[in-house]
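Trainee: Sequence:
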Amino acid sequence: MPGAMRQSTSNLELLTIYEVSKILGSSLDLQQTLREVLRALAYQLQMHRGRVYLVGEDNVLRLVAANGLSNEAAAQIEFRDGEGITGRILKTGMPAVVPNLAEEPLFLNRTGGREDLDEQVASLVGVPIKAAGVVVGVLTIDRISDEGPQGHFGSDVRFLTMVANLIGQTVRLHRTVAEERRFMMRETFRMQKELRPIAAPINDVVCTSPNMLEVMAQVHRVAPFKSTVLIRGESGTGKELIARAIHNMSPRKDAPFIRVNCAALPESLLESELFGHEKGAFTGAQKDHKGRFELASGGTLFLDEIGDISPNFQAKLLRVLQEQEFERVGGSKTIKTDVRLICATNLNLEEAVGHGKFRADLYFRINVVTIHLPPLRERRQDIGPLARHFVAKFAKDNGMALVMEDEALEVLNRCTWPGNVRELENCIERAATQSRDGIIRTESLSCSLNLCNSSVLFQYRTLGASVGGLAPSMGPGAVNRVPPGRPGVPAPANAPKTPAIPTPVPEPVGAGGGAWPACASGCSAGPSPVCGAAQPVVPVPLIPLPLPEPSAAAVAPAPASAANAAPPPAAEVPLDEPESGSLRDRLLWAMERTGWVQAKAARLLGMTTRQVSYALRKYNIEIKRF
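Just so we're aligned: 138 in full-length UniProt numbering is position 138 of the sequence shown, and the numbers increase by one with no gaps anywhere.
Source of the hints: derived by calculation from the structure; they are not laboratory data. Heads up, the beta-carbon is just placed ideally off N, CA and C, and yes, glycines get one too. Heads up, a few of these hints could be off.
Distance condition first, Cα-Cα at most 27 Å in a straight line; then the derived DSSO-like pairs of lysine-lysine [as the list claims (entries may be wrong)]:
hint, residue 1, residue 2
1, K357, K600
2, K290, K226
3, K130, K91
4, K279, K316
5, K290, K316
6, K336, K279
7, K357, K316
Simulated restraints on C-beta separations [unchecked claim]:
hint, residue 1, residue 2, range
8, G68, R186, 35 to 41 Å
9, G595, R422, 27 to 33 Å
10, D361, R186, 51 to 57 Å
11, E325, G280, 20 to 26 Å
12, V369, S26, 56 to 62 Å
13, S26, A178, 15 to 21 Å
14, H220, D361, 28 to 34 Å
15, K253, H174, 43 to 49 Å
16, T188, H220, 19 to 25 Å
17, K253, R422, 24 to 30 Å
18, Y43, Q120, 43 to 49 Å
19, E72, R39, 14 to 20 Å
20, Q324, E407, 51 to 57 Å
21, E72, S27, 16 to 22 Å
Working from the sequences, and respecting the hints, build out all of it.
Mentor: Below is the structure:
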């Protein structure tokens, strides 16, 4: 009879092992799987209050599955190494049996629910969970008996050890899969980062201001395509660097990057440089010469200062841009080319088109993607980083240690920099040569050496912009005389000469909207010495430009029939009479209608361009630039 009972128990244990193995392989949710295993142990073998503890990455033993306990309550229970019965099993790696929990001092009852130990005897059996020979957790169960503690628990220890081994292999498998997933995610991210188009470093472009960061983002967006790019900005803002950055970040980065300064070459030489020439095409052409379009085939051609090419050459250039083919000078063979064109200019092309100096069809051909580079005075956040960059560059090139004081940097931040980044670099280099101990101080700057003339240039440019592109050309000693009669209209020969009324000079306005001081940059290095441009300047009123001299036909005696003919429309427009107050509104209307092109506005109003220019100065109307 006892043998039959043992046989029945062995069969039940074998069936339970089979059920546990099926459960462990049925789901990827480890916590839910372990709870199902504990339910099977309680149902098949009366092993109550099963608990599975696993070691976390911080080497703390935490309860991950408990029969009869919620997940929230189980998550709050943890043991340190050697703490309590469970911690002792983890530390020793050996099974443990407690015949009577009521008499065990190491029993901490952290999971609760063991308040009935006085009524019944509860025994605890715990085994370590191992994976690859390393203890990764602990499995414990309770045996309940009303007759007292049992005399042996060997079969329970052997059975739970088999279950713990199965759990250990499952935990190892889950952790391996999780680690592989994390590794694959890291590898995927790394591969995506490597395969992502990486912008080639732009060593000399240092920017932190929002408007320049937007420019760089635009460069990244336009670089992968073949579209023609027009880079616009003042001189010294770094147009060539942006062009090279576009090339380096494009699929053509391994092909040539050819640059041509259109303003530095005359028309005849520019044609030969761009299109090439055949042997004997002109005097001195002793062999065939490939042009820049041919050399840049497959790459990028950068045409700097494209607004300065002559109208005749603009027509020749337009055909190349449209058809991607050309003939060498003196040759008849058509050569196909594949270049990406990047153009740059600091001129107002719209105004040049309006004045007939730039072909409209060429303007629309090159104005596909436009990138505007802001002047340095509009991105003052970049002055400090740029200054430090140029200091470090100068120190590296000359093999010396060089730093800049904060006070000197503050002086640079107050300058207007009409020459933009190029002027800042030159200023840093000039100050670096004046420093004797490797420190650029305030007194090393041009402002303190009375060498800062850029402020005068800024006033010149600002004042010129406010009067329609005309800059003051008189010095303090010039005599201010306004032609008699109406401005812009010659007075009659017998008209008495009246004293001229000085025309007020509009105050140049800076980026902040306020009037600039005498030193437009405000770059005074201190009470003494100060910027040489900060000396008081006597305001000099502008002289209205005279009308063109009448031709011989105009001064010839008019026939009697035309004696009473109406004067030209330009002469009918009174520019200085107080009662002509509506002229300002008419002038603004005409300028807005014609896109602020003075020649067009003059034709619309029946005036001359010089009359419109003088009226703009008189009414202090600031020209809008596009």
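Trainee: Evaluate each hint against the coordinates.
Mentor: Tested hints:
At most 27 Å may separate the alpha-carbon atoms for a hinted pair to count; K357 and K600 meet this at roughly 14 Å. Of the supplied pair hints, the one linking K290 and K226 holds, its CA atoms being roughly 23 Å apart against a limit of 27 Å. Between the alpha carbons of K130 and K91 the distance comes to roughly 12 Å, so the proposed pair stays at or under 27 Å and holds. A distance of roughly 21 Å separates the Cα atoms of K279 and K316; the hinted pair therefore holds under the 27 Å criterion.
For the hint pairing K290 with K316, the CA-to-CA distance comes to about 17 Å; that is within 27 Å, so the pair holds. A hinted pair counts as satisfied when its Cα atoms are at most 27 Å apart, and K336 with K279 qualifies at roughly 20 Å. Distance check on the hinted pair: K357 and K316 sit about 15 Å apart at the alpha-carbon level, within 27 Å; holds. Between G68 and R186 the C-beta distance comes to about 40 Å, which sits within the given range of 35 to 41 Å.
The hint said 27 to 33 Å for the Cβ distance between G595 and R422, and at roughly 30 Å that hint holds. D361 and R186 have their C-beta atoms about 54 Å apart, which keeps the hinted 51 to 57 Å range intact. Roughly 23 Å separates the CB atoms of E325 and G280, a value that falls within the hinted 20 to 26 Å. The hinted range of 56 to 62 Å is satisfied by V369 and S26, whose Cβ atoms lie roughly 59 Å apart.
Hint check: S26 to A178, Cβ distance near 18 Å, so the stated range 15 to 21 Å holds. Distance hint check: the CB atoms of H220 and D361 are about 30 Å apart, consistent with the given range 28 to 34 Å. Under the hint 43 to 49 Å, the C-beta atoms of K253 and H174, about 46 Å apart, fit the expected range. Distance hint check for T188 and H220: the Cβ-Cβ separation is about 23 Å, which falls inside the suggested range of 19 to 25 Å.
At roughly 26 Å, the beta carbons of K253 and R422 sit within the given window of 24 to 30 Å. Against the hinted window of 43 to 49 Å, the Cβ-Cβ separation of Y43 and Q120 comes to about 20 Å, which falls outside the hint. Here the CB-CB span from E72 to R39 is close to 19 Å, well matched to the stated 14 to 20 Å. Distance hint check: the CB atoms of Q324 and E407 are about 56 Å apart, consistent with the given range 51 to 57 Å.
The beta-carbon spacing between E72 and S27, approximately 21 Å, falls within the hinted interval of 16 to 22 Å.
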